[in-house]
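*Asks:* Residue numbers (the working numbering), protein chains in the order written: chain L, 642 to 933; chain E, 642 to 933; chain X, 642 to 933; chain P, 642 to 933.
Don't read these hints as lab results, they were simulated from the structure. Warning: the hint list may mix true and false statements.
[Unchecked claim] Below, simulated SDA-like cross-link-like pairs (lysine to any residue); rule was C-alpha separation at most 20 Å, straight line: (1) L:K880 with X:G883; (2) X:K880 with E:A912; (3) L:K880 with X:T740; (4) X:K835 with E:E891; (5) P:K880 with E:E891; (6) X:K880 with L:T783; (7) X:K880 with L:R672; (8) P:K835 with X:P679; (9) E:K880 with P:R890; (10) L:K835 with E:E891; (11) X:K835 with E:A876; (12) E:K835 with L:D887; (13) L:K880 with X:E891; (14) P:K643 with P:A696.
Source: prediction; values computed, not measured.
Number of protein chains: 4
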Amino acid sequence: MKLALLGLGKMGIEVGGQLLRAGNALTVYNRTAARAQPLVDQGARLASTPAQAAADCEIALTAVLDDAALRSITEGPEGILAGLPKQAIHAGLSTISVTLARELANAHAARGQHYVSIPMLGRPDAARQRRLVMIAGGEAATLERLQPVLETIGRTTVVAGREPWHANLFKLCSNFMISGVLEAFGEAQAVVRKASLDPATFVDLVSEFFGSPIYRNYGNIMVEKRFSPPGGTLALGLKDNGLLLDAARELQTPMPLASLVRDQMLAAMAAGFADVDWTSLGTSAQRNAGLS
Amino acid sequence: MKLALLGLGKMGIEVGGQLLRAGNALTVYNRTAARAQPLVDQGARLASTPAQAAADCEIALTAVLDDAALRSITEGPEGILAGLPKQAIHAGLSTISVTLARELANAHAARGQHYVSIPMLGRPDAARQRRLVMIAGGEAATLERLQPVLETIGRTTVVAGREPWHANLFKLCSNFMISGVLEAFGEAQAVVRKASLDPATFVDLVSEFFGSPIYRNYGNIMVEKRFSPPGGTLALGLKDNGLLLDAARELQTPMPLASLVRDQMLAAMAAGFADVDWTSLGTSAQRNAGLS
Amino acid sequence: MKLALLGLGKMGIEVGGQLLRAGNALTVYNRTAARAQPLVDQGARLASTPAQAAADCEIALTAVLDDAALRSITEGPEGILAGLPKQAIHAGLSTISVTLARELANAHAARGQHYVSIPMLGRPDAARQRRLVMIAGGEAATLERLQPVLETIGRTTVVAGREPWHANLFKLCSNFMISGVLEAFGEAQAVVRKASLDPATFVDLVSEFFGSPIYRNYGNIMVEKRFSPPGGTLALGLKDNGLLLDAARELQTPMPLASLVRDQMLAAMAAGFADVDWTSLGTSAQRNAGLS
Amino acid sequence: MKLALLGLGKMGIEVGGQLLRAGNALTVYNRTAARAQPLVDQGARLASTPAQAAADCEIALTAVLDDAALRSITEGPEGILAGLPKQAIHAGLSTISVTLARELANAHAARGQHYVSIPMLGRPDAARQRRLVMIAGGEAATLERLQPVLETIGRTTVVAGREPWHANLFKLCSNFMISGVLEAFGEAQAVVRKASLDPATFVDLVSEFFGSPIYRNYGNIMVEKRFSPPGGTLALGLKDNGLLLDAARELQTPMPLASLVRDQMLAAMAAGFADVDWTSLGTSAQRNAGLS
């Protein structure tokens with residue numbers, strides 16, 4: 642298939658590698674072009690503008706950091722909207738706001754193009770091992786066309802609903818579920834450490850009980866304070882949390898745990914953890930217990 | 642081995658069945674003697690007092706509901722302390738306070754007996770399938786003697802520390818980790834439902850991502866509101882939460898998520914859910930979003 | 642003095658009355674012109690655009706509902722920025738975001754005009770009785786020129802700082818202090834009512850202790866559920882709360898009580914209280930206690 | 642009147658001074674007898690046991706620190722219950738649990754004695770100036786007999802209800818209202834300080850708006866960090882908070898602000914503020930904002 646991929650951060654690079662290995666014709670774009678080199682070496686073509694990347698492809702995938710970055714490559718005379726052929730698909734892999742997903746759906750439809758949201762669950766190493774869980778939002782027929790690409794990238798796809806923003810809401814809620822685990826681990830490790838017991842043993846216990854490698858992974862990062870290099874930064878985590886709180890406000894839904902996570906994230910940022918791994922949100926509970 | 646088992650609630654009955662099937666000589670005691678019948682039918686001997694049950698056994702296991710119940714069968718002229726032979730072991734499987742665990746350790750030591758705490762993680766059906774995770778607290782030599790029994794009951798044992806109360810603190814923290822998942826699910830399902838999306842699909846997604854059957858089990862109970870019959874009641878869940886908050890206060894450790902869970906539990910109780918499954922704590926987030 | 646007043650809601654009407662009674666020449670503007678009639682009857686001149694109102698005045702006061710409304714009368718070819726003479730002052734009385742206050746300071750300065758923020762504390766009846774507390778943010782020399790107007794409107798002025806946004810932050814924090822009292826009253830009244838005691842007596846006690854008529858006023862509104870007509874709506878209260886949380890995020894400051902108030906406000910909105918008095922946020926604590 | 646006063650802490654000493662100046666015959670008791678000297682110098686008689694102090698008086702007032710202290714002087718062969726004449730009144734001024742108030746009511750009634758709860762609102766300097774607000778719980782006829790004493794001690798009395806514990810619940814809720822103000826001030830001062838503005842000016846503003854000397858007093862203590870010597874310690878504040886949370890649990894009432902205050906108190910204790918003034922609970926919000 643003729644594909645485009647825009648945004649070559651940690652996740653984008655891995656996704657691009659999978660697409661190339663599966664035999665697709667891939668055009669890539671990144672604001673800092675140098676980051677494209679590994680993919681170009683594997684056969685990708687480098688475009689100089691988003692519009693150029695999107696032209697002549699069936700599906701343009703975007704994997705950028707936030708709403709602002711996605712707007713910047715989608716809108717304007719050199720944006721995806723301007724370049725994408727009619728009937729082609731813009732598949733947004735980024736974690737963006739419900740609001741922007743709605744806007745993009747309308748903007749693409751107005752030009753006879755299709756927009757779907759396909760946010761992904763998993764960290765870069767999961768992407769490399771094709772273990773990502775894909776969340777899909779959009780019309781059934783469009784998702785159907787996307788199916789081979791989804792199978793190339795992830796281990797399974799869950800369809801959230803018929804509107805693209807449905808997938809974005811599911812993604813924000815999934816990140817929230819993880820953040821709740823991080824806060825719970827932070828508090829439990831605080832009380833365990835205050836009792837002079839071993840937090841690593843506690844992580845073992847809980848991971849065994851839940852039967853979840855995710856628990857073991859996050860729990861151990863927290864115990865060992867392996868916050869650098871970050872899988873995803875705390876600042877980014879706060880951004881996602883804010884997108885969920887905004888969506889929840891619009892839906893008149895109080896989310897007290899999401900509020901608590903927000904406050905613990907801000908406390909961790911004020912303590913200097915903004916640019917390291919977001920699991921550092923668990924340090925707030927420990928500082929508040931007088932632990933360093 | 643010659644064993645005693647005191648307390649034949651949902652968990653006790655399952656534990657007793659495992660012990661008998663493994664070929665142990667088992668004496669049982671329960672305040673309401675009629676509940677012992679299934680075990681007697683399988684070969685257990687019925688004692689008429691806790692002291693009588695404990696006499697002449699190597700290990701007396703207790704599986705009761707709370708501190709008060711454990712005190713009532715341990716203390717006094719007809720209690721375990723009075724009946725247990727020197728060098729024998731009292732292994733407490735119940736979820737009790739850190740304070741009581743400390744008291745029991747001292748009381749048994751003063752009589753030349755041993756006390757260890759072995760609280761268990763898992764619901765009654767996990768007990769039946771020998772999938773319980775056992776948490777052990779106590780002296781290494783005593784735990785060693787207990788090993789065959791632990792292997793009979795559960796799938797694995799995690800040693801929390803050398804004092805019995807270490808295991809009780811780990812158990813309370815484990816229940817807290819679960820309660821955090823329930824609250825997170827409650828809030829996520831609230832916002833998902835307000836967006837007219839399917840909460841069961843969200844449970845699928847999150848369970849798939851975490852790779853955890855526990856998530857799937859709890860999540861589906863919540864979506865389907867299968868709160869009766871209860872695995873463990875909300876009132877019991879609030880009791881455990883209170884024991885953790887008490888321990889955390891003593892250790893000068895704030896636990897804001899545990900506080901939030903407490904408040905959501907109380908709200909669910911005030912709404913009439915006290916005697917049904919504790920997963921009903923997740924209804925509070927949904928009521929606060931205006932959902933029934 | 643030659644003054645303009647734009648925005649004739651509940652507060653604006655009262656402010657306009659005071660300015661006219663003090664002998665000022667007043668030009669007024671309101672999107673819905675009919676609301677200006679009472680002031681026109683007292684001698685005010687009615688302008689047909691914001692620019693027209695601002696032209697030829699020394700001080701233009703604005704008293705509108707939110708950021709969007711203030712932007713709409715300030716920007717554009719018919720806005721205040723376009724009409725206000727050089728050296729004249731735009732005094733913003735509205736509760737707006739810290740961000741907009743900064744933007745307005747820059748925009749007016751770029752045109753040789755002055756901007757100051759003068760948000761007010763008090764409800765419409767306090768405005769009528771000249772008991773408002775004025776919060777001032779801006780350059781000392783500009784505030785000096787404004788002094789006669791401030792004395793006409795309120796009972797006292799507190800200078801928050803030299804930048805206009807300083808006053809807006811103080812105002813948002815003041816509203817937050819009130820919201821904290823409402824939440825505390827909501828919870829206390831819940832437990833008092835569950836104990837079958839009289840919440841009105843409790844309000845008496847607390848008001849007497851604090852020596853505060855504000856406590857008595859808010860407390861009694863809550864006990865008697867006099868939520869209509871609203872002094873300020875819950876939706877507006879949530880807007881202000883959101884502006885504070887935004888400012889606090891920018892300043893990396895967790896505000897857990899502000900987060901709690903947000904969640905209780907959302908719960909009250911979901912229960913149908915969006916358009917009534919914001920003291921109704923106290924109903925959430927009572928609903929969660931099972932009280933109607 | 643013939644009175645006894647047991648418990649001569651900061652509040653007791655002031656209360657005793659007022660009673661003597663009003664011409665009452667006063668017998669005093671304190672565990673550490675030396676603390677009684679100032680009152681003995683003013684004419685009080687010193688008793689060597691609680692029973693002896695209570696014998697031959699019409700009203701025995703108790704002003705001790707907590708449940709345990711009140712039990713220790715009330716129960717046993719040398720306690721108030723043993724010494725107090727029939728028909729005489731035990732008036733408990735201390736901040737105690739709802740549960741203990743109920744027990745004392747029953748215990749005194751069983752001996753033909755009367756028990757009423759009269760907890761007081763105000764700090765020691767308010768006691769000295771007779772500005773305390775008294776909260777009364779008990780039978781009308783008994784409170785009537787107590788009236789002259791109440792007028793001697795405080796500036797006004799609010800009757801909470803006909804059971805002694807009603808007054809204790811009102812007292813715990815009043816302390817909670819104050820704790821909410823401390824937390825709100827803590828958070829507001831945090832954001833104000835992060836914005837490089839003056840927290841003392843903010844205290845001025847809010848105190849002026851609420852018209853409350855209590856706000857000014859507490860707000861300034863917090864800004865100036867005058868935490869020693871304590872009016873009431875943080876450890877004592879946490880004790881009172883715990884008594885309210887216990888009562889609220891029994892009444893199935895979630896109190897999320899009380900939970901938040903608890904957590905901020907624990908964080909302040911973990912940071913070393915246990916034995917200084919309880920206004921130091923406001924330091925938690927500031928530490929979490931990265932302020933020292």
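*Asks:* Of all the hints given earlier, name the ones this structure violates by number, lowest first.
*Replies:* 2, 4, 6, 7, 8
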